[in-house]
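Below are the chains, spelled out letter by letter.
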Amino acid sequence: MTVYAQPDATGHFGRFGGRFMPEALVAPLDELAEAWADAQADPSFLGELDRMFREYANVPSPLYDATRFSEAVGARVLLKREDLNHTGAHKIRNVLGQALLAKRIGKPRAIAETGAGQHGVASATACAYLDLDCTVYMGEVDTERQALNVARMKMLGAEVVPVTTGSRTLKDAINEALRDWVASVDHTSYLFGTAAGPHPFPTMVRDLTRGIGDEARRQVLELTGSLPDAAVACVGGGSNAIGLFTAFIDDADVQLLGVEAGGDGYETGRHASPITAGEVGVLHGARSYLLQDEDGQTMESHSISAGLDYPGVGPEHSYLASIGRARYVPATDAQAMSAFDLLCKTEGIIPAIESAHALAGAVELAKELGPDATILVNLSGRGDKDVHTAAEYFGLIDGPVVLEEGVEE
Amino acid sequence: MSSSIDALFERTRAEGRAALVGYLPAGFPDVETSVAALTAMIEGGCDLVEIGLPYSDPVMDGPTIQEAAETALANGFRTSHTFDVVRRVADAGAPVVVMTYWNPVERYGVDRFAADLAAAGGAGLITPDLIPDEAQEWEEASRAHGLDRTYLVAPSSTDRRLSMTADAASGFIYATAVMGVTGARQETSSLAPELVARLREVTDKPVGVGLGVSNGAQAHEIAQYADAVIVGSAFVRRLLDAPDTAGGVESVRELARELREGVVR
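The listed protein sequences derive, respectively, from chains F and X.
The opening position of the first sequence corresponds to residue 1 in the working numbering, with each subsequent residue numbered one higher.
The opening position of the second sequence corresponds to residue 410 in the working numbering, with each subsequent residue numbered one higher.
These are calculated hints, taken from the structure and not from any lab test.
Careful: at least some of the hints might be erroneous.
Claimed, not checked - Partial selection, computed: residues in chain X whose CB lies under 10 Å from chain F:
1) Y464
2) G471
3) E479
4) Y510
5) P513
6) T567
7) R570
Claimed, not checked - Residues of chain F clear of chain X, computed beta-carbon distances all greater than 10 Å:
8) A39
9) L49
10) R68
11) K103
12) G106
13) D214
14) A334
15) T346
16) D398
For every residue, glycine included, the Cβ atom is placed at its ideal position computed from N, Cα and C.
Work out the full structure: start from the sequences and follow the hints.
What follows is the structure in structure tokens.
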């Protein structure tokens with residue numbers, strides 16, 4: 001058996017990943033990679049991070065045997081309850097680690113990008129906890145549709161900067177954060193929100209989220225006496241999915257399924273499924289699959305889930321797809337919302353719409369694998385932030401809803 | 410083999426002055442105007458021009474060049490237009506290079522891009538987000554088609570990286586004067602002289618200094634220690650602020666004259 005060992009020393013996962021960045025950031029990225037390697041070899045750093053996870057973030061998260069949902073879909077579904085973490089998603093693992101590293105290397109200011117606002121809220125939280133100045137870049141379109149998360153970040157003491165360039169969404173927020181960073185890197189850490197970007201971010205974020213899979217692997221073995229037949233996660237940038245998959249990569253009998261946002265259906269062109277329907281290119285510092293036009297200009301993605309609404313994907317997922325170790329399929333908005341509804345009604349759990357894509361993947365997989373199968377699903381986040389979107393989708397709101405003064409929809 | 414850029418720097422060194430390098434994006438605000446403005450830039454005194462390839466996600470650029478790129482793309486700019494612009498500017502009396510983020514090149518095909526750029530009369534490529542560490546394919550393609558490779562260095566570059574990047578570069582090396590994105594700045598950089606001095610320790614290749622240079626006085630100051638003074642956003646600003654395209658082109662010409670006087674004085 002060959003043991004999986006990626007990336008190489010310069011951050012390449014096969015032909016994916018690497019570092020396509022302005023030279024000004026290369027030495028700082030080298031320093032970051034070195035600092036991360038040092039921190040991981042330091043028991044006091046790891047001990048402190050572990051303490052923060054346990055006492056502050058409610059990690060390890062429990063594994064939950066979703067019996068009524070299982071009955072409905074026709075296979076045993078086990079949920080890794082990342083929705084129960086502090087701030088309501090797996091993101092807190094990544095952010096606490098990066099923020100603690102920022103403290104360690106003595107940079108008093110942190111920046112972050114956010115789409116729906118979840119990573120922004122997690123970053124603002126970690127910065128409040130660890131006493132760092134925090135600036136969050138957020139596309140202007142997203143600040144409007146996620147006004148509540150903007151308020152949460154401000155409550156936590158972060159400055160939120162609306163980004164008005166390009167498509168005014170997540171990719172442009174990343175661009176603006178990078179522009180800030182190139183001018184501020186001597187005193188500022190970039191808390192990158194997903195397992196994408198230039199080396200060492202994909203690896204560092206994986207290292208910080210891999211607890212999801214490491215814990216779940218033990219928990220499933222304890223509960224069932226054997227490994228699951230499949231591990232399923234949604235994939236936007238891919239941080240929760242790589243966090244789940246990593247523990248199982250060398251378990252050849254465990255199928256790995258990443259579920260991309262299919263939007264209106266990938267054949268319509270309105271989707272966020274770069275592995276399914278994109279092509280290889282370079283965006284935000286790494287080579288990976290991405291949505292681009294004939295000239296290599298980035299195309300806008302579409303998904304009901306703001307957290308999956310990104311035209312790129314982390315390089316390790318592109319690699320796992322290319323070697324066939326993981327399979328990536330799209331789930332449409334409609335499939336995701338149907339699975340969302342099913343989990344609400346059978347288990348009394350309102351999932352994040354992102355995580356509902358993973359549930360939709362499990363619904364389809366259950367049909368393939370049959371009733372004897374055990375499917376581990378990462379329930380990466382809770383759905384409180386999505387109540388408005390879901391209520392609108394299901395027509396549960398009668399009459400106009402006043403979102404903010406003067407705005408009705 | 411000596412390139413047109415090598416010949417340019419031999420000449421300016423012989424004349425005891427720095428070269429003036431100007432940047433404008435292709436297709437901004439449209440292909441015709443960009444050709445006229447680049448030509449005016451050369452007529453006004455630029456020794457070398459950089460033609461930018463508008464890209465959807467320009468992380469190294471400040472608001473001015475971002476706005477120009479967005480306008481060009483909104484007006485239908487395509488990668489193939491770059492070669493038309495290069496071809497039409499190549500005879501105006503100065504070497505022409507293309508400055509581009511990497512993905513459009515990779516998408517077009519690295520060797521095909523190099524072949525078409527060389528065929529259009531282009532002298533080389535400046536790659537703000539391609540470092541030599543990732544540039545094997547470009548290295549081969551540029552050698553095969555006789556193009557120069559200009560890489561960026563920054564105040565944050567380590568000595569080891571300065572040396573490695575200088576070795577990999579040809580034509581000239583682009584020293585970014587500040588830690589930051591493109592855009593005019595009031596003050597000249599205090600970091601640039603030291604960065605150039607550190608480069609001189611490891612290479613004889615010509616060094617251009619850019620980022621934040623917008624007027625003749627700043628150009629004059631940089632010309633004292635660099636082989637080339639690079640100006641971008643200030644030219645773009647002239648086109649953005651002009652009441653009409655003809656006025657914009659004339660304004661570009663005037664700025665080139667002012668900068669040239671600063672460089673030679």
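Open item on the list: Just want to verify: F:T346 was marked as not at the interface with chain X; is every Cβ pair farther apart than 10 Å?
Closed with: 42 Å, holds
Task: chain F contact restraint on X:Y464 - CB to CB distance below 10 Å - done: 7 Å, holds
Task: Nearest-CB test (10 Å) between chain X and F:G106 - done: 17 Å, holds
Open item on the list: At 10 Å, judged by beta carbons, does F:R68 keep clear of chain X as stated?
Closed with: 45 Å, holds
Open item on the list: So, as I understand it, the hint says X:E479 touches chain F; can you test that by seeing if any CB pair is closer than 10 Å?
Closed with: 7 Å, holds
Task: Beyond 10 Å from every chain X Cβ - status for F:L49 - done: For F:L49, whose nearest Cβ neighbour in chain X is about 28 Å away, the distance exceeds 10 Å, so it holds.
Task: Claimed clearance of chain X by F:D214, with the beta carbon kept past 10 Å - done: At about 32 Å from chain X, F:D214 clears the 10 Å cut-off, so the statement holds.
Task: Least C-beta distance between F:K103 and chain X, which was stated to exceed 10 Å - done: 22 Å, holds
Task: Hint validity - X:T567 Cβ closer than 10 Å to any chain F Cβ - done: This interface hint holds because 5 Å falls under the 10 Å limit.
TODO: Please confirm whether F:A334 is truly not at the interface, meaning its C-beta sits more than 10 Å away from all C-beta atoms of chain X.
DONE: 29 Å, holds
- [ ] Tell me if X:R570 is really an interface residue toward chain F, meaning its C-beta lies closer than 10 Å to one of theirs.
- [x] 6 Å, holds
Task: Closest C-beta approach of X:P513 to chain F relative to 10 Å, hint status - done: Given a least distance of 4 Å, the restraint on X:P513 holds.
Of the hints listed earlier, there is not a single one the structure fails to meet.
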